[in-house]
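Listed below are the residues making up each chain.
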Amino acid sequence: MNHRQKVNPGKYLTVFAITTLVFIFGILVGNYFSSQKLEQIDDIGQQLKTDTTAMELQYELIAEDPCSHLNSTPLADELYEMASKLDYMENRLGSDDPNVLELKRYYSLLELRHWLFMKKTNKECNKTSALIMFFYKNEEECDSCKEQGYILTWIRRNYKDVYVYSFDYSIQNAALDTLKKIYKIEGAPAVVIDKDTYNNFMSRAEIEKILQEKGIEMIK
Amino acid sequence: MFWDIVLYVVSYFGVFAAVFFLLTLFENRHRIRNPPPPKILPKVTVMVPACNEEKCLGKTVDSLLKLDYPKKKLEIIIIDDGSKDNTLKVARSYEKYGVRVFTKPNGGKGDALNYGLKRATGEFVACLDADSMVSPDALKKMLGYFKRESVAAVTPSLKCTAPKTTWQRIQVIEFLLGVYLRKVFAYLGSIHVTPGPFTVFRKQFFDKYGGYDTSTCTEDIEISLRIQDKGYEIENAVDANVYAVAMPTFMTTKRQRVRWYKGFMENTQKYKHLIFSKRYGNLGLFVLPSAYLSVLTATVMVIYSIYVTIDKNYQRYVNLSSVDFDIWRMLDFKWDTFYIDQSPLMIIGLFALAIGISMIYLAKRLSNEKQSLTWSYVIFMFLYLPLYVYWWAGAIHARLKNKDTGWRGRERKEAEIKYA
Chain H
-13 MNHRQKVNPG
-3 KYLTVFAITT
7 LVFIFGILVG
17 NYFSSQKLEQ
27 IDDIGQQLKT
37 DTTAMELQYE
47 LIAEDPCSHL
57 NSTPLADELY
67 EMASKLDYME
77 NRLGSDDPNV
87 LELKRYYSLL
97 ELRHWLFMKK
107 TNKECNKTSA
117 LIMFFYKNEE
127 ECDSCKEQGY
137 ILTWIRRNYK
147 DVYVYSFDYS
157 IQNAALDTLK
167 KIYKIEGAPA
177 VVIDKDTYNN
187 FMSRAEIEKI
197 LQEKGIEMIK
Chain E
116 MFWDIVLYVV
126 SYFGVFAAVF
136 FLLTLFENRH
146 RIRNPPPPKI
156 LPKVTVMVPA
166 CNEEKCLGKT
176 VDSLLKLDYP
186 KKKLEIIIID
196 DGSKDNTLKV
206 ARSYEKYGVR
216 VFTKPNGGKG
226 DALNYGLKRA
236 TGEFVACLDA
246 DSMVSPDALK
256 KMLGYFKRES
266 VAAVTPSLKC
276 TAPKTTWQRI
286 QVIEFLLGVY
296 LRKVFAYLGS
306 IHVTPGPFTV
316 FRKQFFDKYG
326 GYDTSTCTED
336 IEISLRIQDK
346 GYEIENAVDA
356 NVYAVAMPTF
366 MTTKRQRVRW
376 YKGFMENTQK
386 YKHLIFSKRY
396 GNLGLFVLPS
406 AYLSVLTATV
416 MVIYSIYVTI
426 DKNYQRYVNL
436 SSVDFDIWRM
446 LDFKWDTFYI
456 DQSPLMIIGL
466 FALAIGISMI
476 YLAKRLSNEK
486 QSLTWSYVIF
496 MFLYLPLYVY
506 WWAGAIHARL
516 KNKDTGWRGR
526 ERKEAEIKYA
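Those sequence lines, one after another, are chains H and E.
Position one of the first sequence corresponds to residue -13 (the numbering used here), numbered consecutively onward.
Position one of the second sequence corresponds to residue 116 (the numbering used here), numbered consecutively onward.
Treat the hints with caution; some may be incorrect.
No farther apart than 25 Å at their CA atoms in a straight line, the calculated lysine-lysine pairs in the DSS-like style are these [stated by the list, open to error]:
1) 167/H <-> 123/H
2) 123/H <-> 427/E
3) -3/H <-> 262/E
4) 132/H <-> 449/E
5) 211/E <-> 71/H
6) 166/H <-> 123/H
7) 204/E <-> 262/E
8) 206/H <-> 170/H
9) 132/H <-> 427/E
10) 204/E <-> 233/E
11) 35/H <-> 449/E
12) 449/E <-> 146/H
13) 200/H <-> 113/H
14) -8/H <-> 385/E
15) 206/H <-> 449/E
16) -8/H <-> 211/E
17) 369/E <-> 385/E
18) 387/E <-> -8/H
19) 449/E <-> 71/H
20) 188/E <-> 211/E
21) -8/H <-> 262/E
22) -8/H <-> 393/E
Here are some chain E residues pointing at chain H (derived, C-beta under 7 Å) [what the hints assert, rightly or not]:
23) 135
24) 137
25) 433
26) 434
27) 444
28) 457
29) 462
30) 468
If you're looking for bench data, these hints aren't it; they were derived computationally from the structure.
Yeah, the Cβ is synthetic: ideal placement off N, Cα and C, and Gly gets one too.
Starting from the given sequences, assemble the full structure and let the hints guide the process.
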């Protein structure tokens, strides 16, 4: 018996075309969602910029007793949300993605602006907020950076008036370079608590000890 | 980046195969119905090889006696393959219904079937494993295909009875996918497994090309590849339902799958001239290579999942240990659609999932399956891939070590002992 089905090359080509179309569709839709997310982060950044300016202006406008009218917590929350989303996109698209890098540069400047403002209000309003700067590098270059970041998130969630500002050590801009010089940042991980620089990994206990010495209370 | 490329390649193959099979079914949608049975029904012999099957043999023979087929044209032969329990006694109790019973020293399933073939008087022969049951209308639905002289065998839809254990739930879906694929393979002229339960053969084929190969642990794969090799056709009657009791435990399921996959390797090696041969059409160029490629694909996916799980959980463990496992404070309860994975691979994965669900749906519809399978499908989705790779690893190990994987009777016996 010699009953054999012949192969239909046209069918294989059709399936090849359909599969390729599915992949092109998947890649286009996936990239569309990614760009939407990056736009969303950009929107948060723009909103943050407006809100920071508004707060700075508010501070200048309320000549009498500006300190009692200020509440910087919502702005800090916006910063943390932007950081979290940026981190998610960095994991998804890679730390060398140009869009991610651009947003990170922008985010660093917003953080710096917020940090400067907090520093000013700390001084003029006699506030005792702890301002922590954290310099990190991506996973391949710094083993303990993720862990350090996690500890600082825990600190922020457990202590009143603690603000954490994370900066990618590799990002280059004039403001950040100046900051690194002023605080003598040598690499990552590095932590700056108010004026003191620690160019090494800091355990939770070490940070807690410093905060307690500064009179920062834990959230009950 | 490395894993991204690997996952894209693997997904491309998966989607290509799924689309190819779906398109084949769509092309042949007008040919789904079985051809009518011949006006003069031929004589059919059903052989039931049994080795230590005292508990399930009765149900199997009962289902055969209920077949909608003239009794004069139906010959039932039970071959007791040296059982040590009461299988022979159970078999003898059916002699009063005209069932022919033979006993012989243990020699394996293939040997028992060859023993039966020598005594079979039907124009067509079928085998029914002693743990399976056939629906009354199955035989008539299958015989119409033999009108074409080139058809040497017709396969039924092999399904599982209502599942009770997790392992059986997984097999219910696995068998249903088998129902779908076997129909598609029939359209492609590429059926390479004629299931032990109730595949009907033209006896003439055995007379011409010899009986079952007793040297293999999966004689059903050997005979189907031999049929393909000799240029005959294997058809499928998708609504001719045959039910088997799925293996109830992890170990028995593993032993059965290891035997199947080892047998597949043995027989594809024996018939290696079929692979990548244009002469054997879709079977040689796509279906058989795909079977091996699917193992590679599944292995890559499982290794990737294990790698990601270990990597993420290790970092999570390091992080949590640095804050004395204060999980409560570190949990994020805020719901934000931003964090839903909408990456290209996820979109393609969703497409593949949709095809997978439609395959199950089509298999259910084509074979008139009534039981609800939602839970089974959920369990299947999470557990099947790692199990599949694990079983294949076992089969490759057994093949390399040339380990004896026994025959079905042994698996059944072990299942009964553990399940009792």
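Quick check: which numbered hints come out false for this structure?
3, 5, 7, 8, 16, 24, 30
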